[in-house]
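A.B. asks: Chain by chain, the residues run as shown.
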Amino acid sequence: MFRRTVLAALAATVALTLAGCGDDTPAASSPSDSPSAAASLSGTVNVFAAASLTESFTQIGKDFEAAHPGVKVTFNFAGSSALAQQINQGAPADVFASAAPKNMDQVTDKNSPTTFVTNTLEIAVPPGNPAKITGLKDFGDKSKKIALCAPQVPCGAASETVFKAAGGTPQPDSLEQDVKAALTKVSLGEVDASLVYKTDVQAAKGKVEGIEFPEASEAVNKYPIATLTKAPNADGAKAFVDYVLSDKGKAVLTAAGFATP
Amino acid sequence: MSRRSRSTIGRLPLVLLLPALLGLAFLLIPLVGLLAKAPWSTLPSRLFSTDVWDALRLSLLCATAATAMCMVLGIPLAWLLARAPIPGRGVIRALVTVPLVLPPVVGGVALLLVLGRRGLVGQHLDAWFGISLPFTTAGVIVAEAFVAMPFLVISVEGALRAADPRYEEAAATLGAGRWLTFRRVTLPSIAPGVVAGAVLCWARALGEFGATITFAGNFPGRTTTMPLAVYLALETDPDVAVVLSLVLLIVSVVVLASLRERWISGLR
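These protein sequence lines map, in sequence, to chains C and L. First residue of the first sequence? That's 16 in the working numbering, and the numbers climb one at a time after it. First residue of the second sequence? That's 197 in the working numbering, and the numbers climb one at a time after it.
In short, the hints are calculated from the structure, not lab data. Any given hint might turn out to be false.
Listing some non-contacts, in silico: residues in chain C with all C-beta distances to chain L over 10 Å [what the hints assert, rightly or not]:
#, residue
1, Ser57
2, Lys77
3, Glu80
4, Ala81
5, Ala82
6, Pro84
7, Gln100
8, Thr133
9, Gln167
10, Ser189
11, Leu190
12, Lys200
13, Gly204
14, Glu224
15, Ile226
16, Glu227
Calculated lysine-lysine pairs in the BS3-like style (CA-CA distance at most 27 Å, straight line) [unchecked claim]:
#, chain 1, residue 1, chain 2, residue 2
17, C, Lys245, C, Lys159
18, L, Lys233, C, Lys222
19, C, Lys117, C, Lys147
20, C, Lys220, L, Lys233
21, C, Lys117, C, Lys159
22, C, Lys159, C, Lys195
If we take Cβ atoms under 7 Å as the criterion, some of the chain L residues that face chain C in the derived model are [as the list claims (entries may be wrong)]:
#, residue
23, Arg289
24, Ala334
25, Glu365
26, Phe378
27, Gly413
28, Asn414
29, Phe415
The C-beta atom is built at its ideal place from N, Cα and C for all residues, glycine as well.
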């Protein structure tokens, strides 16, 4: 019963958030006897999510399945632009969680999206920081091996923004195709430093070290989530989004290094 | 020759012809999709970007160098597998195909673990000679050669096994050494197999993406080959990706069709 109450309350909260009323509505104010979505939930919820959500959404999916016996969550993790293309080409997705508003905009058949987390860049260095990297200025040092994300992908675009803010020109040795590739180059010690997301540093704890830098606040990456209008499992989709936006969902995401808006 | 081939066509059984045509269609239909999607009106202006030519030049250079490297190392390896009485030949033959089975990205990571700056061999290369392969054009060639070499080895080995060893024996009885026999008798007799292997090897190297981007990274003019440029273009402008793919396809088909005809006709 408690679970149902929470869910109904969350559903109400989300509805309000989507209507633009902010997400500070106290959950307790919702009526406890409102019809629960949980009762009718069944089948599979297909969630298309940005690759950077892999760890946290896998956990949220397990928690969600535990909270809703009989529902199965399947994930398709990939780059946001690839996912947007797949959805527009008719892939049977119920929920889309994108790593950038731009890719969410590309999807035509969706209900109005909500920003559920934000992510900022951090400098990643191999354990022990062998090249003594201290800040963005070291990225302009030609003697250091540097990998950045390619400007075509979101982390690369964010990197360009922070370098513009810092006023330096980076001298990268490689422009990686995605943030995980950049992280791999650091964890293998092939480069002295890279710019990746806080969540990536968190996920690779022990294999890389993170260094915060002030310009990171210039490029805050917003993650929107939305249910899709052609969702085969509309109820499941809504319940999953509600769960992501719930305190339980947020706790998992925060632990992974995301900030919640 | 022509009479024989005509009579063969006349007897073509439907049970072979039908799946053959289906197979051809299956291979060509994705290409039709690319052609249909191509932004023909803006195509010329998109082609006049120096990035495209840089990437194409680098692709052709690296694929050719990788093929050369594969031939230098792969033909002797194929010979070893086909002719030398070595123990555990079956196992070695299976190991040769590892790069075919390995997802290329994993192959790239494996190369980093061995030849990278902190790799088993790479750390010594770096410390003793100051050589660091990752993020260099040489790194692209190494990655492509790693992935493409099995194609060459397998075709050449097949040709060696099919070749009649009596010619080599005859050469040996006439006093030719093993190296001379290999060069003057064995190699010419397996030439079509070598050409077929080299063609496969070159084509595979030209399209290589995963191992290249993992091992050599991506930097325009240095390691950005066409497949890498296509992948990154797909992130922002799928139309450009289609154009780049078409350029790569056309160039490779033209090169392969013209070279293969010349090589084979010249050798026979």
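A.B. asks: Next step is simple, just say for each hint if it's right about the structure.
C.D. replies: Okay, the hints, checked on the actual structure:
| no. | hint | verdict |
| --- | --- | --- |
| 1 | Ser57 | 36 Å, holds |
| 2 | Lys77 | 26 Å, holds |
| 3 | Glu80 | 29 Å, holds |
| 4 | Ala81 | 33 Å, holds |
| 5 | Ala82 | 35 Å, holds |
| 6 | Pro84 | 36 Å, holds |
| 7 | Gln100 | 7 Å, violated |
| 8 | Thr133 | 21 Å, holds |
| 9 | Gln167 | 4 Å, violated |
| 10 | Ser189 | 3 Å, violated |
| 11 | Leu190 | 5 Å, violated |
| 12 | Lys200 | 7 Å, violated |
| 13 | Gly204 | 4 Å, violated |
| 14 | Glu224 | 16 Å, holds |
| 15 | Ile226 | 20 Å, holds |
| 16 | Glu227 | 25 Å, holds |
| 17 | C:Lys245 <-> C:Lys159 | 49 Å, violated |
| 18 | L:Lys233 <-> C:Lys222 | 43 Å, violated |
| 19 | C:Lys117 <-> C:Lys147 | 36 Å, violated |
| 20 | C:Lys220 <-> L:Lys233 | 43 Å, violated |
| 21 | C:Lys117 <-> C:Lys159 | 33 Å, violated |
| 22 | C:Lys159 <-> C:Lys195 | 20 Å, holds |
| 23 | Arg289 | 31 Å, violated |
| 24 | Ala334 | 14 Å, violated |
| 25 | Glu365 | 51 Å, violated |
| 26 | Phe378 | 40 Å, violated |
| 27 | Gly413 | 3 Å, holds |
| 28 | Asn414 | 5 Å, holds |
| 29 | Phe415 | 5 Å, holds |
In this structure, the hints that do not hold are numbers 7, 9, 10, 11, 12, 13, 17, 18, 19, 20, 21, 23, 24, 25 and 26, in rising order.
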